[in-house]
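Student: Spelled out from the first residue to the last, the chains are:
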Amino acid sequence: MTNLVWLVPLFPLIGFLITGLGRNMLGKSAGWIASLAILASFVVSLLVFFEVKSSVVAGPVLVHLFDFIHIGSMQIPFAFQVDALSSIFLLIITGIGFLIHLYSISYMSHDDGFAKFFSYLNLFVFSMLLLVLGANYLIMFIGWEGVGLCSYLLIGFWYKNIDYTKAAQKAFVMNRIGDLGFLIGIFLLFSKLGTLDFTTLQTAFTTGNLDPSFITAVALCFFVGATGKSAQIPLFTWLPDAMAGPTPVSALIHAATMVTAGVYMITRSNFIYSLAPQAQQVILIIGLATALVAATIATRQNDIKKVLAYSTVSQLGFMFMALGVGAYTAAVFHVITHAFFKALLFLGSGSVIHAVGGEQDIRKMGGLKSSMKITYLTFLIGCIAIAGIPPLSGFFSKDEIMMHIFNHGAFGKVFWSLGMLAALMTAYYMFRLLFVTFFGTFRGTEHQREHLHESPALMTIPLVVLAVLSIAGGFIGVPEVLGGHHALNQLLQTVLVPVEHLEHLSHNTEFVLMGIAVLIGIIGIVIAWLGFKKYNAADESKGLATFFENKWYIDELYASVITNPLNKLSVFFEKFIEKSGIDALVNGVGKMIQVGSQKFRLLQSGLVGFYMFLMVIGIIVLFVIQVWVNKL
Amino acid sequence: MLILLLILIPLLGGLLTFMTPSSKASYTAIISSIGTLIVAGSIYFLYTQQRNAEMFAFDAQWIENIGARFTIGISHGLALLMVMLTALAFPLIYIFIHHQKRENKSVFYGLMSLAQMGLMGVFIAKDALLFYGFWEIALIPVYFLSSMYGGSRRIAVTFKFFVYTFVGSLLMLVSLLYIYQHTNIHSFAWNSFVEAGRNLPLGSQIWLFCLMFVAFAIKMPIFPFHTWQPDAYEQSATPVTIVLSALMVKMGLFAVLIWLIPVLTLGADYWMNTIMILSVIGIVYASCLAMVQTNIKRLIAYSSIAHVGLMCAAIFSQHELGIQGAIVQMFNHGINIMGLWFIVSILEDRLNTQDLNQMGGIAKVAPTFTIALVLISLANIALPLTNGFVGEFMMFNGVFNAASPYRVSLTVVAGLGVIFAAVYTLSMIRKVAFGNVNTNTENFKDLSNNELFILVLIMLLILVLGFYPSLITNLIAGN
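If you read the sequences in order, they're chains E and Y. As numbered in my numbering, residues 43 to 674 make up the first sequence, in order. As numbered in my numbering, residues 81 to 559 make up the second sequence, in order.
Just so you know, these hints were derived from the structure itself, not from any lab. Idealized CB from N, CA, C, for every residue including glycine. The reader is advised that the hints may include incorrect statements.
[Unchecked claim] Partner residues are not named here, just some residues of chain Y that face chain E (Cβ under 8 Å, in silico): (1) 444; (2) 458; (3) 470; (4) 474; (5) 515.
[Unchecked claim] Below, computed lysine-lysine pairings styled on BS3-like, alpha-carbon distance capped at 25 Å: (6) E:633 to Y:240; (7) Y:104 to Y:185; (8) Y:444 to E:202; (9) E:202 to E:70; (10) E:70 to E:158; (11) E:158 to E:208; (12) Y:444 to E:158; (13) E:158 to Y:525; (14) E:70 to Y:444; (15) Y:444 to Y:525; (16) Y:240 to E:641; (17) E:575 to E:415; (18) E:610 to E:621; (19) E:621 to E:633; (20) E:411 to E:575; (21) E:158 to E:202; (22) E:617 to E:633; (23) Y:240 to E:621; (24) E:202 to Y:525; (25) E:617 to Y:240; (26) E:208 to Y:444; (27) Y:525 to Y:181.
With the sequences and hints as input, model every part of the structure.
Tutor: So, in C-alpha cells, the structure goes:
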C-alpha cells in the first residue's frame with residue numbers, strides 16, 4: 043500500500059479539479075464530492091499507516107514519481123517519503139480534514155461560493171499532504187508555499203470585504219518572509235551537499251564532520267521559515283487576522299494543516315537540529331516567549347475566534363519549546379492532541395456564531411448552554427482538554443513537554459516555571475471564554491434570542507467525534523510512570539536520530555510535577571469562574587490589560603518600523619531618484635541632442651565651398667590623429 | 081533549409097499584409113504566424129528527437145569580401161526556446177487582438193510580422209554582422225508601431241526609446257567592429273569572434289565589455305538604464321508592449337549569453353561583481369517602485385524590471401545553475417508577462433483606464449477573468465507548481481553559488497524581491513478584483529470566447545511547465 047501513497051494527495055487534487063471546474067454546475071453536491079475525496083485519502087492513509095506501523099524497523103519507503111528538476115548539477119525528484127512521521131501527519135490531515143469538510147457542508151450551505159469554497163479546501167489539503175509527503179526539501183517547499191496560497195485564498199474568501207482581503211494578503215506576505223528564510227536554508231544545504239533528499243542529508247549530517255556554524259546557520263534559516271508558517275514571534279501576527287476567513291477554514295488552518303507545518307519541518311529536520319544546540323536554544327526561547335505573549339493577549343480578547351487564535355499561537359509556542367529541548371515526540375504528540383481539541387473548539391465556535399447570526403463578540407452572547415447542549419458540552423470538553431486536566435488528551439501531551447523542559451539543562455526549571463505561567467493563563471482564558479459565552483444570561487438582541495438553536499447534525503457529529511478524540515487522544519502517549527508504554531514514542535523512534543538521553547526524572551519528581559500541572563490548570567479555571575460566572579459588560583480593561591487587549595501594539599510597531607518607512611522609501615525612489623534623478627538625466631541628454639542638432643543643422647548651408655573647407659579640416663584632423671596614435 | 085522559413089514566412093507574410101486591404105490584413109498575419117509556428121514546432125520536434133540536424137542550419141554566401149556570411153542555425157536549447165517563444169507569441173497576440181478596432185490594420189499587422197522576422201533572425205543568426213542587422217530590423221518596425229499606435233504621449237516616449245536603443249546599437253556596432261578587426265581571417269562568424277575575443281588583452285576586454293554590456297543593458301533593461309521602459313510600456317498599444325516585454329527584452333539577455341560572455345570571458349569575470357550588484361539593486365529598487373504605482377501598466381513594467389534583474393544577476397553569477405535557471409526563466413517570463421498584458425488589455429479595453437484605484441470588485445462580475453488574473457499573477461510571483469518557480473529557484477541557487485565574495489548578501493537582498501513581489505502583485509489583484517464593484521466596474525463583462533481561448537492556453541502552459549519543468553530543462557541540459 044505504501045507504494046500507492048500518491049493516491050493520498052491525488053484524491054484531493056481530483057476533488058479540487060472537479061469542484062473547481064464544475065463549480066457552476068455541481069451545486070450542493072460539490073461539498074459531498076470534496077468530502078468524499080478527503081475520505082478516500084483518509085482510508086488510504088489508514089492503510090498506509092498500519093503498514094508502516096507493522097514494519098517499523100524497515101526504514102522509510104521512498105516513492106519516486108518523476109524527475110522534477112533534472113539538469114546538470116541539480117537532480118531533484120518528485121518523490122514521497124513514507125515513514126512513521128509522515129504517516130501520522132497523513133492521518134491528522136485527512137482525518138480532521140474530513141470532519142471539517144463534513145461540517146462545512148452545512149456551515150457554508152447558504153454561501154454563494156459554496157463549490158469554490160470546497161475546491162479551495164481540497165487544494166489546501168492537497169498542499170499540506172504534499173508538504174508532509176515530500177522526500178526532499180523542495181517538494182516540502184512546494185507544499186509549504188501551497189498552503190500559504192490556500193490560506194490566502196480562504197482567508198480572503200469573502201473578497202467583497204476589503205479588510206478580509208488585506209488580512210489574506212498579510213498572511214501570504216508574512217509567510218513569504220518566513221519562506222525566504224526556508225529558501226536560504228535550502229540554498230545553503232544544496233550548495234554544500236548537493237542534495238535535498240532527507241535520507242541522504244541525514245547520512246551526511248550524522249556521519250560527516252560538518253562545520254558547526256554551517257549547521258547552525260541552516261537550522262536558524264529553517265526556523266525562520268517555521269516562525270512564518272507556525273506563527274511564532276516575530277511573524278505571528280497574521281494568524282489572529284486569519285480568522286477573517288469562514289470558521290471551518292480557521293479550524294483547518296489551526297488544527298489540521300498550515301500551522302503544524304513548522305513543527306513537522308523541524309521534526310523532519312531533527313538530524314540537523316540535534317547538532318545545532320544554539321539554534322535549539324533560540325527555538326526554546328522564542329517558543330516560550332510566544333507562548334507567554336500570546337497567552338496574555340488571549341486573556342483580553344472579546345472576539346470568540348480571536349481568543350482561540352491567540353490560544354493556537356500560544357500552544358504552538360509550547361510545541362516549539364518542546365522542539366527546542368529536542369523532545370520531538372512530545373511536540374508531535376501535542377500537535378496531535380491540539381489538532382483534536384483546537385478543531386473541536388473552532389468548529390464549536392462556528393456553531394455558536396451560526397446560532398447567534400454571525401455575531402462573534404462574546405460580550406453579546408451568554409447563556410447559550412441551555413439552547414445549544416451539544417455545542418456546549420463538546421466545547422467544555424475542548425476547554426478541559428486544552429487546560430490540561432487529566433485524563434483528557436491535552437494533559438498528557440503538555441505534561442510530556444513540561445517534563446522535558448524541566449529536565450533541560452541549568453535553566454530548565456526557570457523555563458518550566460514560565461511555561462507553567464502560560465499554562466495557567468491557558469486555563470484561565472479558555473474558561474473565561476466558556477463562561478462568558480455559555481453561562482449567565484443572553485446579552486444579544488431579542489431577534490437573536492428567538493433564533494438561538496442547536497446546529498444541524500452535520501455540524502454536531504464532527505463536534506462529537508472530535509470531543510471523543512479530545513478525551514481519548516492522550517492514550518497514544520501515556521507515559522511509563524502512569525503505567526503506559528507510549529505508543530507514539532515507539533513509533534517515532536524510527537525517524538528520529540538517536541541522541542544521548544539525559545537521566546530520566548525520578549518517578550516521584552514526575553508525580554509531583556504532574557500534580558502541580560493539574561493544580562495550576564484547576565486554579566486557572568477557578569479564577570475564571572470567580573471572575574466570569576456572571577459576566578457584566580462593565581468589566582473594562584485598564585493599564586496592562588489595555589496593553590494586552592491591543593495585542594502589545596505589535597501590529598502598530600511593525601507598521602511604524604517596517605511598513606511605513608518602506609512605503610516612504612518607495613515614494614522617495616519614485617519621486618527623487620526615478621523621476622528627477624535618472625529620468626531627468628536621460629531627458630537632459632535627449633534635449634541636449636535635440637538642441638545640438640538644431641545648431642548643427644545650420645552647417646548644411648548648401649554652399650559647396652564651405653563643404654570643401656570642412657572636408658579639408660576633417661582630413662587634417664584625421665591626419666593629426668594618425669600621427670598621434672602611431673607616434674610618428 | 082527548414083530554418084530559413086522562420087525568416088521567410090514572416091517576411092513574405094509581412095510584405096503581403098502591407099498589400100492586403102485593412103479588413104483582411106489580420107488573416108494574412110495570422111496565417112503567416114501560424115505557418116511560422118508550425119515550422120518552429122517541427123524544428124522543436126526534430127531537435128528533441130536529435131534527427132535531421134541539417135534541417136535547422138543554413139549557410140550561404142553573403143558579403144564575401146568582408147567575411148560576412150548568411151549563417152543561421154539552432155545549435156543550443158536557448159536559441160530553440162527563444163524561437164519557440166517568438167513563434168508562439170505572435171499567433172496568440174494576433175488572435176487575441178483580432179476583434180479590436182485599429183486604424184490602418186494592414187500597416188499594423190505588416191509591421192508586426194516584420195518585427196517577428198527580425199526577432200527570429202536575432203535568435204538564430206550565427207554571424208555577427210547578420211546578428212546586428214536583424215537586431216536593427218527587429219527594432220525599426222517597433223519604433224513605427226509605438227509611435228503610430230498607443231497613448232497620447234507616445235511620440236515623446238518613442239523618441240526617448242529610440243534614442244536610448246539607438247545609442248545602445250551604436251555602442252554594440254563599434255564593439256563588434258573592433259572585435260572583427262582582431263579576428264584572424266577577418267570573419268564575422270561566431271566561432272572566430274569567440275576566438276578573437278578571448279585572445280584580446282584584459283585591458284581591451286574591460287572597456288569593450290563595458291560598451292557592449294551597456295548596449296544590452298538598455299535592451300533588458302538593467303538599472304539604471306531602465307527609464308525608457310515604464311513609459312514605453314505605458315504608452316504603447318498592448319500588442320506592441322507584449323512584443324517589447326515578452327520578446328525584445330529577451331534579445332538583451334540572449335545577446336549577453338551568446339555574444340558577450342563567451343566572447344569577452346576576461347571582461348565578464350572582471351565586471352561580474354559590479355553587474356550582479358547593479359542587478360540586485362535593480363531588483364529591490366524596481367520592486368519598491370512597483371509597490372507605489374497606481375497605474376497597472378507601470379506596475380507590471382517595474383515588476384518586469386525586477387524579474388529581468390534577477391535573470392541578469394543569475395547569468396553573471398557564471399554558475400551553471402544560474403545560467404540554466406535564467407534560460408528557463410527567459411522562456412517562462414515571456415509566457416507570464418504575455419498573460420499579464422492580455423489581462424491588462426482586457427481591463428483597459430473595458431474600463432478605459434489604467435488606474436488601479438478606479439477598479440475593484442471584478443471578482444463578483446467576472447469570475448473567470450479573475451481566475452486567470454490570479455493564476456497568472458501567481459506565476460509572476462513564482463509560486464511553486466507554476467512555471468515561474470523552477471527557473472527562479474535555479475537562479476537563486478546560481479547566485480548563491482557564484483564565485484563572488486558577496487554571494488550570500490546578494491542572494492538575501494535579491495530574496496527581498498520575492499517578498500516585495502508578493503506585496504505588489506497581491507495588492508494589484510486586490511485592487512482589481514476584490515472589494516465591491518463601483519460604477520466603473522459594475523458592467524464589466526467576463527471573458528469572451530476568444531479571450532478565454534488565449535488565456536486558457538497560457539494558463540495550461542503555466543501549469544504544465546510548472547508541474548513538469550523537464551519539458552524545458554531537458555532542452556538546455558546539454559549546454
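Student: Kindly indicate which numbered hints from before are broken by the structure, ordering the numbers from low to high.
Tutor: Nothing - there is no hint that the structure violates, so all of them hold.
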